[in-house]
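K.L.:
Taken in order, these protein sequences are the chains called A and B. The letter at position 290 of the first sequence is residue 290 when you use our numbering, and the numbering goes up by one with no holes. The letter at position 248 of the second sequence is residue 248 when you use our numbering, and the numbering goes up by one with no holes.
Honestly, I wouldn't trust all of these hints.
Claimed, not checked - Computed beta-carbon distance windows for the label pairs: (1) A:A310 / B:A177: 40 to 50 Å; (2) B:G271 / A:P266: 21 to 31 Å; (3) A:S107 / B:K237: 43 to 53 Å; (4) B:D189 / A:N42: 37 to 47 Å; (5) B:Q104 / A:A310: 36 to 46 Å; (6) B:A378 / A:S107: 52 to 62 Å; (7) B:Q196 / A:G30: 47 to 57 Å.
Source of the hints: derived by calculation from the structure; they are not laboratory data. In this text the structure is predicted, and so the values were computed from the model without any measurement. Cβ coordinates follow ideal geometry from the N, Cα and C atoms, glycine included.
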Amino acid sequence: MSFAPPKETWSGKTFEITIGNGAKAVKIGGENVFSFHGFEGNYPNKPVIAYEVQDIPPDDWPQMAKDVYAGVSADPVTWAKHCVEKLGAKAVALRLAGTHPDKGDISADQAAETVKKVASAVDVPLIILGSNHAEKDSVVLVKAAEAAKGTNALLGKAQEANYKTIVAAALANDLKLIAMSELDINLSKQLNILITQMGFDKERLVTDPMSSALSYGLEYTYSVMERIKLAALAQNDAVLQGPMLADVGMYVWKVKETQALEADLPQWGNLKDRGVAWEAVTATSLLVAGTNLAIMRHPDAVAAVEKFIAEMEG
Amino acid sequence: MALTGVEIFKLLPKTNCKKCGQPTCLAFAMKLAQRQASIDQCPDVSEEAKQKLGEASAPPIRPITLGTGARAVKIGEETVLFRHEKKFVNPSAISVKISDNLSQADAEKVVAGIMESEIDRVGQKLRVDAAFLSNDSGDASKLAALASLVASRAPELPVIISTTSPDAAEAALKPFAGKNAVLYGANKDNLEAMAQKAKDAKAALAIAASGLDEAAELTEKAKAIVPDLIIDSGARKAGEMLRDNTYVRRAAIKKGFKPLGYPVINFVGRGDNMLETVVAVLSVTKYASIIVLDHLEKWQSLALFSLRQNIYTDPQVPMQVQQNIYKVGEPGPKAPFLITTNFSLTYFIVSGEVENSKVPCRLAVLDSEGLSVLTAWAAGKFTASKIAQFIKESGIEAEIENKELIIPGYVAILSGAIEDKLEGWKITVGPREANGLPAFLKSRA
Ligand code: B12
Ligand code: SF4
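Required output: the full structure, derived from the provided sequences and hints.
P.N.:
So this is what it looks like as structure tokens:
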């Protein structure tokens with residue numbers, strides 16, 4: 001019996017986006033098939049993992065995630081260089097967490113200084129993230145964008161509540177942009193439309209449908225991502241053809257499974273592997289669902305996911 | 001593939017005798033096509049037609065049950081490629097390999113680990129489903145010894161016997177006769193003998209093919225002897241498993257291709273346990289019905305059980321906890337009293353944060369049809385009158401001294417209305433995000 005594999009090729013494809021400059025620039029997207037489906041179509045760029053770095057020390061990260069950056073996390077430049085030089089980071093996601101009104105309320109100008117320093121210290125592409133405070137971000141990210149002019153960084157996140165100034169800043173400074181909405185394909189679509197109506201090229205836009213951690217709503221992110229990818233490929237819906245981002249670490253490293261001691265919950269096994277597995281499993285499942293770029297925290301989790309990506313490729 | 005009404009009509013007697021309760025054979029055919037009638041209602045239908053209809057109405061992926069009794073698990077029977085289309089039906093059975101090279105003491109340890117793997121998670125009991133007994137030694141008597149050890153220590157545990165030798169299979173299957181075991185390792189050289197051994201023990205047969213072409217050939221030959229088949233395409237690397245699992249699922253569901261209409265087994269064992277865990281992620285999300293692990297660590301099981309639970313929940317019906325007043329720690333009569341919705345996710349985040357605070361509390365969980373706080377509020381399932389009614393009927397007033405209820409910050413707007421409806425109660429607005437709860441509760445203590 002001869003079996004003809006039921007291949008599926010699609011009319012739509014996602015936009016290929018380049019982040020950063022020079023030899024270490026990365027490309028994401030460009031595929032006309034689902035994640036890792038190079039066996040039936042065009043899958044030119046494997047997913048990229050970016051290491052998360054913060055402008056302030058990671059005091060609110062669980063101990064085991066803090067520990068791995070113990071000697072370097074007091075200063076964002078040292079931390080970023082450590083990720084690139086020691087850990088082999090292919091991209092760095094600088095989160096301006098300290099600009100949040102509850103976490104120090106660092107000024108936009110000072111945040112911009114940090115962006116400038118980090119950008120000149122590392123040669124890999126930069127993702128610049130606000131503190132997720134809609135109002136403050138709309139000020140901070142404008143200054144941060146100016147500081148990042150010429151780096152071809154990825155700026156985010158623009159949300160429904162604050163997208164206007166952020167989109168304008170990305171436009172003015174020639175940056176790529178993340179658009180985030182909350183776990184609903186229609187909201188993603190609507191926001192992307194609003195952004196492109198401001199004259200922002202959809203081929204420079206990355207969609208973040210909002211991440212969630214394993215066991216804490218992962219299935220919502222997983223399915224929204226599959227639906228967005230399907231809309232991009234099968235329905236050729238240009239508004240949803242941007243590559244997708246999963247901001248994994250910040251959701252994973254606040255859940256109980258990454259913190260509870262084995263002594264308190266012996267049936268959960270040892271904390272060190274459990275924490276790493278929680279981040280690695282969350283990220284891997286979202287890569288399978290369609291993520292092109294993931295932001296992660298723990299080097300061991302990144303290593304496991306990168307091994308997985310290698311095994312998917314060859 | 002399901003038949004259309006007209007295709008079914010061609011198979012009926014066409015006498016319009018009405019014995020089926022329908023005015024015409026065509027009307028009956030239409031009912032059958034919509035699965036609103038059963039072929040048995042027509043007394044005159046031919047055996048041939050019955051068989052054809054039976055084949056056509058069979059699920060695209062054959063359902064198979066592993067084991068019997070309380071630990072039995074069902075696999076297969078999936079109907080879609082993406083979980084947003086429709087619920088994935090039967091969760092991947094997670095199994096752990098036990099080599100017959102292990103000493104008896106080590107083998108017993110693995111069996112005990114499997115039996116103790118059960119974890120309660122969001123109200124469901126999750127565990128390792130099966131043991132995979134592997135004839136690594138090549139020695140039939142060693143496999144048989146391992147099989148009888150497992151059968152005596154864990155009589156209810158479903159097993160997969162792995163060998164390429166029909167004789168070894170026969171001996172190892174003996175303690176599991178009639179217990180829905182699986183025999184793994186039928187290939188092109190041993191197919192008939194292995195199928196016969198599986199049949200004799202009433203076991204399912206798993207095909208070990210090299211490639212999907214060969215898998216389809218082997219299932220076609222084997223099915224005459226054993227109907228319950230499972231497919232290993234031979235894929236071992238994660239990328240190959242994605243390709244083959246996807247082709248099998250599509251062929252079965254979209255093309256109605258019967259030779260591949262069976263559950264799939266994946267082997268994810270790796271020396272590096274973390275890598276093994278993430279490769280298993282691929283198998284859980286992308287269509288494996290049985291996953292064979294080499295390791296059995298608690299953290300690994302917890303992560304994979306949780307993923308499997310996420311992927312296999314019904315996208316239309318969120319997971320829920322029962323309406324009740326739950327205690328966190330050992331709350332006294334003056335302990336804080338909070339309320340939230342019965343969406344599992346909400347409940348577990350909130351109760352987790354209350355636990356983190358180390359302040360003993362009571363947590364009222366209102367049945368809001370599994371919706372989050374804001375969604376439930378927007379949908380009218382978390383309203384002042386429902387909350388008031390629940391509190392009154394719960395009998396909590398007799399248990400506590402302070403009639404104070406802490407509500408989620410996102411529904412601060414409800415506080416006045418609840419106070420109106422709950423006489424003598426004080427309503428306090430808590431933080432918006434649950435992660436604000438530890439500080440909030442500690443500051444009051
Ligand atoms: C997923 C989702 C859905 C899912 C349902 C998921 C579910 N099981 O509830 C679906 C798609 C079905 C859905 C439907 C609807 N949704 Co909806 N949905 C969401 C979304 C994206 C996430 C909700 C979620 O899971 N949150 C996670 C859980 C854990 O959050 P939570 O329950 O609020 O709990 C947190 C806090 O409240 C707090 N907390 C909880 N309990 C307690 C208790 C105490 C004492 C304290 C102190 C704190 C506390 O802790 C938790 C963690 O911080 C939100 C947007 C958002 N980001 O919130 C919109 C959202 C809630 N939905 C909304 C709406 C309007 C609806 C619909 C009416 C229409 C629509 N837009 O689709 C329908 C109604 C459904 C129905 N049956 O009629 C609106 C509500 C607007 C408003 N302010 O009223 C939101 C905010 C989106 C928006 N911006 O428009 N939704
Ligand atoms: S009982 Fe059978 S033969 Fe008679 S009308 Fe119904 S379908 Fe036709």
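K.L.:
Now, for every hint given, state plainly whether the structure supports it.
P.N.:
Hint check results:
1. A beta carbon spacing of about 44 Å between A310 (chain A) and A177 (chain B) agrees with the range 40 to 50 Å that was offered as a hint.
2. Taking the beta carbon of each, G271 (chain B) and P266 (chain A) are about 26 Å apart, inside 21 to 31 Å as hinted.
3. For S107 (chain A) and K237 (chain B), the hinted distance range of 43 to 53 Å is satisfied, since their beta carbons lie about 51 Å from each other.
4. Judged by the Cβ atoms, the range 37 to 47 Å given for D189 (chain B) and N42 (chain A) holds: they are separated by roughly 39 Å.
5. Taken as a hint, the range 36 to 46 Å holds for the pair Q104 (chain B) and A310 (chain A), whose Cβ atoms sit roughly 38 Å apart.
6. Against the hinted window of 52 to 62 Å, the Cβ-Cβ separation of A378 (chain B) and S107 (chain A) comes to about 37 Å, which falls outside the hint.
7. Evaluation of the 47 to 57 Å hint for Q196 (chain B) and G30 (chain A) yields a pass: the beta carbon distance comes to about 52 Å.
Violation of the numbered hints given earlier is confined to hint 6; every other hint is satisfied by the structure.
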